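Please take these sequences and the hints and turn them into a complete structure.
One-letter residues, chain by chain:
2 protein chains.
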Amino acid sequence: MFNVRIITKYTFQMGLLITSNRLDMLKLMDADDNKSKRLVSLMKKRGFIQPAFELYGGVAGLYDYGPLGGRLRRNVISKWLNHWISLGNIVEIDSPTITPEPVLKASGHIGAFNDYASECKSCNSIFRTDHLLEGYHNNPDALDNIALDNELLKNKIPCPSCNKSEWLPSEPLNLMFSTIIGANKGGRKAFMRPETAQGMFLQFPSIYRHFRGKLPFGAVQVGKGYRNEISPRQGMIRLREFNMAELEYFIDPEKDINYNLDLWDDVQIKLVPDPGKDELTEKRYTIYNAVKEGVVRDQTVGWFMIKTFELMLELGINNEYIRFRQHEQDEMAHYATDCWDLEIYGSYGWIECVGIANRGCYDLKAHQNVTKSNELKAWRDFENELEIEKYVCSPIQSIVGPRFKEKSKLISDHLEKLDASKINFPFIINIGGEEISIEENMVEIKKVNSIERGEWFTPHVVEPAFGIDRIIWHILEHSFTETSKENDDYYTILKLRNKICPIDFSVYPLFEKDGLDKIALKIIDSIREIDGINVNYDGTKSIGRRYARGDEIGVPYAITIDHQTIDDNTVTLRDRDSQEQKRMSIEELLLFISKY
Amino acid sequence: MFNVRIITKYTFQMGLLITSNRLDMLKLMDADDNKSKRLVSLMKKRGFIQPAFELYGGVAGLYDYGPLGGRLRRNVISKWLNHWISLGNIVEIDSPTITPEPVLKASGHIGAFNDYASECKSCNSIFRTDHLLEGYHNNPDALDNIALDNELLKNKIPCPSCNKSEWLPSEPLNLMFSTIIGANKGGRKAFMRPETAQGMFLQFPSIYRHFRGKLPFGAVQVGKGYRNEISPRQGMIRLREFNMAELEYFIDPEKDINYNLDLWDDVQIKLVPDPGKDELTEKRYTIYNAVKEGVVRDQTVGWFMIKTFELMLELGINNEYIRFRQHEQDEMAHYATDCWDLEIYGSYGWIECVGIANRGCYDLKAHQNVTKSNELKAWRDFENELEIEKYVCSPIQSIVGPRFKEKSKLISDHLEKLDASKINFPFIINIGGEEISIEENMVEIKKVNSIERGEWFTPHVVEPAFGIDRIIWHILEHSFTETSKENDDYYTILKLRNKICPIDFSVYPLFEKDGLDKIALKIIDSIREIDGINVNYDGTKSIGRRYARGDEIGVPYAITIDHQTIDDNTVTLRDRDSQEQKRMSIEELLLFISKY
Numbered sequence: 016m017f018n019v020r021i022i023t024k025y026t027f028q029m030g031l032l033i034t035s036n037r038l039d040m041l042k043l044m045d046a047d048d049n050k051s052k053r054l055v056s057l058m059k060k061r062g063f064i065q066p067a068f069e070l071y072g073g074v075a076g077l078y079d080y081g082p083l084g085g086r087l088r089r090n091v092i093s094k095w096l097n098h099w100i101s102l103g104n105i106v107e108i109d110s111p112t113i114t115p116e117p118v119l120k121a122s123g124h125i126g127a128f129n130d131y132a133s134e135c136k137s138c139n140s141i142f143r144t145d146h147l148l149e150g151y152h153n154n155p156d157a158l159d160n161i162a163l164d165n166e167l168l169k170n171k172i173p174c175p176s177c178n179k180s181e182w183l184p185s186e187p188l189n190l191m192f193s194t195i196i197g198a199n200k201g202g203r204k205a206f207m208r209p210e211t212a213q214g215m216f217l218q219f220p221s222i223y224r225h226f227r228g229k230l231p232f233g234a235v236q237v238g239k240g241y242r243n244e245i246s247p248r249q250g251m252i253r254l255r256e257f258n259m260a261e262l263e264y265f266i267d268p269e270k271d272i273n274y275n276l277d278l279w280d281d282v283q284i285k286l287v288p289d290p291g292k293d294e295l296t297e298k299r300y301t302i303y304n305a306v307k308e309g310v311v312r313d314q315t316v317g318w319f320m321i322k323t324f325e326l327m328l329e330l331g332i333n334n335e336y337i338r339f340r341q342h343e344q345d346e347m348a349h350y351a352t353d354c355w356d357l358e359i360y361g362s363y364g365w366i367e368c369v370g371i372a373n374r375g376c377y378d379l380k381a382h383q384n385v386t387k388s389n390e391l392k393a394w395r396d397f398e399n400e401l402e403i404e405k406y407v408c409s410p411i412q413s414i415v416g417p418r419f420k421e422k423s424k425l426i427s428d429h430l431e432k433l434d435a436s437k438i439n440f441p442f443i444i445n446i447g448g449e450e451i452s453i454e455e456n457m458v459e460i461k462k463v464n465s466i467e468r469g470e471w472f473t474p475h476v477v478e479p480a481f482g483i484d485r486i487i488w489h490i491l492e493h494s495f496t497e498t499s500k501e502n503d504d505y506y507t508i509l510k511l512r513n514k515i516c517p518i519d520f521s522v523y524p525l526f527e528k529d530g531l532d533k534i535a536l537k538i539i540d541s542i543r544e545i546d547g548i549n550v551n552y553d554g555t556k557s558i559g560r561r562y563a564r565g566d567e568i569g570v571p572y573a574i575t576i577d578h579q580t581i582d583d584n585t586v587t588l589r590d591r592d593s594q595e596q597k598r599m600s601i602e603e604l605l606l607f608i609s610k611y
Numbered sequence: 016m017f018n019v020r021i022i023t024k025y026t027f028q029m030g031l032l033i034t035s036n037r038l039d040m041l042k043l044m045d046a047d048d049n050k051s052k053r054l055v056s057l058m059k060k061r062g063f064i065q066p067a068f069e070l071y072g073g074v075a076g077l078y079d080y081g082p083l084g085g086r087l088r089r090n091v092i093s094k095w096l097n098h099w100i101s102l103g104n105i106v107e108i109d110s111p112t113i114t115p116e117p118v119l120k121a122s123g124h125i126g127a128f129n130d131y132a133s134e135c136k137s138c139n140s141i142f143r144t145d146h147l148l149e150g151y152h153n154n155p156d157a158l159d160n161i162a163l164d165n166e167l168l169k170n171k172i173p174c175p176s177c178n179k180s181e182w183l184p185s186e187p188l189n190l191m192f193s194t195i196i197g198a199n200k201g202g203r204k205a206f207m208r209p210e211t212a213q214g215m216f217l218q219f220p221s222i223y224r225h226f227r228g229k230l231p232f233g234a235v236q237v238g239k240g241y242r243n244e245i246s247p248r249q250g251m252i253r254l255r256e257f258n259m260a261e262l263e264y265f266i267d268p269e270k271d272i273n274y275n276l277d278l279w280d281d282v283q284i285k286l287v288p289d290p291g292k293d294e295l296t297e298k299r300y301t302i303y304n305a306v307k308e309g310v311v312r313d314q315t316v317g318w319f320m321i322k323t324f325e326l327m328l329e330l331g332i333n334n335e336y337i338r339f340r341q342h343e344q345d346e347m348a349h350y351a352t353d354c355w356d357l358e359i360y361g362s363y364g365w366i367e368c369v370g371i372a373n374r375g376c377y378d379l380k381a382h383q384n385v386t387k388s389n390e391l392k393a394w395r396d397f398e399n400e401l402e403i404e405k406y407v408c409s410p411i412q413s414i415v416g417p418r419f420k421e422k423s424k425l426i427s428d429h430l431e432k433l434d435a436s437k438i439n440f441p442f443i444i445n446i447g448g449e450e451i452s453i454e455e456n457m458v459e460i461k462k463v464n465s466i467e468r469g470e471w472f473t474p475h476v477v478e479p480a481f482g483i484d485r486i487i488w489h490i491l492e493h494s495f496t497e498t499s500k501e502n503d504d505y506y507t508i509l510k511l512r513n514k515i516c517p518i519d520f521s522v523y524p525l526f527e528k529d530g531l532d533k534i535a536l537k538i539i540d541s542i543r544e545i546d547g548i549n550v551n552y553d554g555t556k557s558i559g560r561r562y563a564r565g566d567e568i569g570v571p572y573a574i575t576i577d578h579q580t581i582d583d584n585t586v587t588l589r590d591r592d593s594q595e596q597k598r599m600s601i602e603e604l605l606l607f608i609s610k611y
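The listed protein sequences correspond, in order, to chains B and D.
Position in the first sequence counted from 1, then plus 15, gives you our numbering.
Position in the second sequence counted from 1, then plus 15, gives you our numbering.
Derived by calculation from the structure, the hints in this document are not laboratory data.
Predicted model only: the values in this text are computed from it and were never measured.
Be careful, since some hints might not be right.
Which copy is meant is left open, so a pair is good if it fits within one copy or across any two.
Below are the BS3-like pairs computed for lysine-lysine, each with C-alpha atoms no more than 25 Å apart in a straight line [stated by the list, open to error]:
#, residue 1, residue 2
1, 432, 420
2, 514, 94
3, 239, 94
4, 556, 528
5, 229, 60
6, 380, 120
7, 239, 204
8, 60, 392
9, 94, 510
10, 610, 514
11, 59, 392
12, 94, 610
13, 229, 533
14, 387, 60
15, 169, 136
16, 424, 461
17, 537, 229
18, 528, 270
19, 59, 387
Right, here's the structure in full:
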């Protein structure tokens with residue numbers, strides 16, 4: 016594992032820089048409700064994101080990434096993957112989205128992965144019960160069905176459709192999409208996965224082999240997850256099919272790992288620790304102190320918190336709009352020992368975008384219990400070898416041989432592996448389906464000394480799970496900047512970070528004639544030879560209009576070709592954010608781009 | 016669009032080089048049935064690919080990519096994306112996998128995307144009818160249910176389960192996974208998409224806007240596709256959930272595009288043209304001649320064939336094992352004008368891995384017909400403006416005004432847009448849901464001259480569709496090389512191409528002591544600073560064992576640190592394929608890697 020700090024002074028200062036404008040930005044995002052409407056409209060007009068299947072009237076909770084959004088999504092995922100894989104002990108895997116029922120029964124998703132729904136007695140509309148209680152109860156998520164029904168009654172909650180308040184008892188609602196594998200007769204029940212994690216737990220044997228048993232190590236998976244919401248609202252925040260990115264980090268709970276958390280001693284993060292019964296309060300900590308003071312209960316969790324914070328800054332999330340909120344005891348899954356949500360602030364308020372949880376050995380144990388597999392364990396060497404006294408059965412061959420003939424070898428092998436301290440004669444063993452009774456005269460009990468070098472144990476798992484669409488939404492919100500206003504139109508700059516933006520460079524010939532367009536295309540050809548750069552050409556309308564078109568989709572640099580280019584091989588490079596222009600030779604330009 | 020040839024002399028010579036060993040390789044792949052078993056076992060042991068959910072007994076047709084396979088998959092997808100996006104007029108989009116029923120009804124997937132299944136009268140087992148006829152009929156895929164039933168009868172096909180031959184009439188079987196969006200009561204029927212293409216057709220308006228209406232342009236999408244096979248066999252070839260990569264290229268069928276096909280005049284590809292009723296024969300062509308002679312009927316299809324061929328070589332497919340087979344008339348979808356499958360040869364025989372089809376305007380028209388949307392069209396300027404005589408309705412305001420009052424403006428606007436040459440009085444128009452009768456005295460018919468600058472038309476689509484898993488399988492088969500054989504064990508080298516291989520460099524300290532391991536880790540740190548390089552560390556067992564472990568997973572270069580490194584800062588670099596070793600300074604090494 017290569018535990019280096021990748022948060023650079025530059026990254027962090029960018030964050031601090033934004034901080035000084037904090038009030039302005041808050042104002043822009045909160046006070047003006049139409050701003051997020053203008054963002055949504057820009058996103059659609061320019062092909063970032065839009066509701067899917069709109070020609071067919073749309074389906075709530077399903078979104079498309081368009082010509083620019085598709086590239087943005089890919090860039091965010093690449094950055095995410097690279098952030099974790101470059102640690103050196105983390106690999107990417109991929110498993111199916113279709114998941115057979117027994118897997119999700121074992122994992123607890125069937126039965127537990129339920130919300131409750133209430134049906135109106137009067138008009139038969141169905142609603143999520145916790146949604147009905149919003150504004151009436153602080154944490155309706157955490158209530159069981161009886162408590163939910165009581166709250167409906169106590170608060171006389173009206174039906175949003177018919178306004179009456181007569182509810183049938185709430186019923187659990189499985190939020191997974193179900194389907195059948197194989198021909199319908201005799202097919203097997205399955206679900207679209209609600210998370211990518213189970214596919215990684217089931218691949219544990221393969222990952223363990225890959226790392227030759229050397230913990231800690233991790234696996235990541237990026238792909239679609241599914242949740243059949245009853246009535247999804249909130250745009251990109253609550254989707255029925257979403258882009259997930261999860262990391263499962265397998266550790267030996269008895270081994271301390273030094274994460275050098277003091278590397279980040281100049282970085283303050285905002286925490287909202289579980290207050291018990293008190294009010295939530297936000298406090299700033301260094302991650303080192305948060306772990307030292309026990310606010311963050313687990314140092315691996317703490318390490319993932321700071322690494323995740325770094326990643327968010329790299330992606331272009333404003334550091335002032337990030338906080339970590341600790342799960343309250345009754346909100347946390349019963350097996351988790353500590354759980355923090357990274358929340359990002361935007362037009363929907365504080366939204367959970369990452370969950371970082373210590374899941375203990377819950378998942379691997381759950382699959383062990385059902386499958387009886389021995390492959391979901393790891394080996395731990397003892398610090399010192401142990402000498403242990405054991406009692407073993409030694410078969411008396413002169414009796415066992417004649418009695419069991421060709422089976423006597425199998426029976427002897429079986430007997431030699433038994434722990435003889437727990438035996439009462441006669442006892443039954445099972446050899447190839449046949450029950451065989453072993454009597455006292457067949458074996459001799461011997462005391463032997465044995466050396467134990469280590470033991471098998473079930474690793475614990477720390478899991479950071481990312482909602483990619485929610486993160487992308489907030490990247491867009493935090494980048495969306497409106498400057499001047501003219502005739503009711505704002506001048507819009509999407510201040511996406513370099514390499515996150517869908518287009519890196521735009522090339523504009525002043526006119527599409529006099530050979531300027533050909534020079535532009537030739538420059539584009541040269542830029543395309545530089546790996547990973549996305550460059551586009553725009554030749555129509557005035558240069559001012561083209562700058563504006565580029566600014567509103569976040570192109571960081573515009574390259575303009577004019578008549579002077581023909582004379583002296585120079586172009587102008589315009590910076591999106593400062594709007595400054597610099598004249599340079601084409602060679603200087605290509606050098607600049609190669610370092611981009 | 017940047018139509019350059021990216022196939023390099025080097026790439027192609029690599030292909031030719033393999034050709035000279037053709038017979039050897041064919042022998043290795045065909046004659047020795049155990050070779051592909053050894054490949055499957057290696058793939059599982061080293062974490063490339065393996066059946067999914069094995070701990071739960073597995074599910075046919077679902078596969079996992081493991082710690083090495085996950086990276087291989089990502090590399091293949093990146094190469095694929097970059098190959099197309101670098102053309103400059105192609106963008107990546109992403110749409111949901113869950114697809115509401117009306118979309119797939121319009122596209123023809125419900126109703127047509129069926130195979131037939133036959134049920135045994137005696138034991139009630141169900142089989143795909145065309146599978147039952149394998150070996151009895153040349154092309155059972157192309158038969159309808161009556162012909163299929165006749166063939167079953169004629170050939171007295173026995174039931175694979177009970178060996179009797181009594182079949183119920185075959186029934187169409189929808190091979191899509193179905194599910195329900197929303198709460199089950201009142202939910203909407205949906206399917207997991209059988210292809211990614213429909214999502215791209217539905218995004219046509221957004222893509223059209225992005226390219227500001229300038230055809231030709233294309234969109235790509237990489238993601239999961241689903242096909243609920245009855246009884247999938249053949250490993251990675253026939254999956255229920257697969258990785259697809261599709262490209263939809265929108266063109267104006269009336270405009271000739273010059274693809275400079277003569278750029279590839281030194282590249283011969285093998286074609287198997289539709290022979291009509293004759294035997295299949297394989298012929299070599301340049302793509303230029305194949306299009307000129309009309310063997311390939313469409314030049315856009317021809318261009319995608321050669322660009323796809325280039326891509327296959329780049330990915331490491333052996334050029335001798337690639338051929339293009341033209342669809343026979345009765346095998347081709349009725350709307351397609353030309354269709355070629357790129358087939359790759361391996362242990363399953365010749366397998367379709369890419370389909371390149373001219374789909375005409377079928378798909379966009381199908382969605383227009385159902386949604387009545389005008390947004391699925393493109394604008395075409397006439398070469399010369401047309402002056403046209405038209406008859407229009409001119410409302411007589413003195414009658415319309417008093418009669419319809421506040422509605423008269425809407426009614427007048429509506430009337431002015433009508434083609435008056437087709438009107439019979441009285442007629443009904445619909446204004447805001449209300450039916451209004453227009454009588455002869457309300458309007459005057461006028462003849463006007465109008466200038467028409469162009470027209471709206473439905474673009475045609477050429478679609479190359481790639482089965483990523485099948486391609487990956489053949490990359491592995493073509494790379495899998497067994498050299499010497501010792502004690503029943505082959506020495507295995509997986510000759511994956513650079514940047515396709517999951518691990519680019521391995522670093523081996525001769526011993527994990529004397530500081531050699533620390534130097535190794537330091538070198539790894541420096542290598543990690545070079546973008547996109549995946550380097551790993553291996554410190555256990557003998558150097559020979561480590562070379563072998565690296566060779567069998569296709570690591571192109573091994574870097575060994577020994578005691579001389581401490582003295583003079585040099586390391587050895589070993590080439591996987593030649594097994595040659597070269598001593599060089601760490602600086603030279605890093606320079607070499609930065610150019611990798």
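| field | Index of numbered hints that the structure contradicts, given in increasing order | value | none
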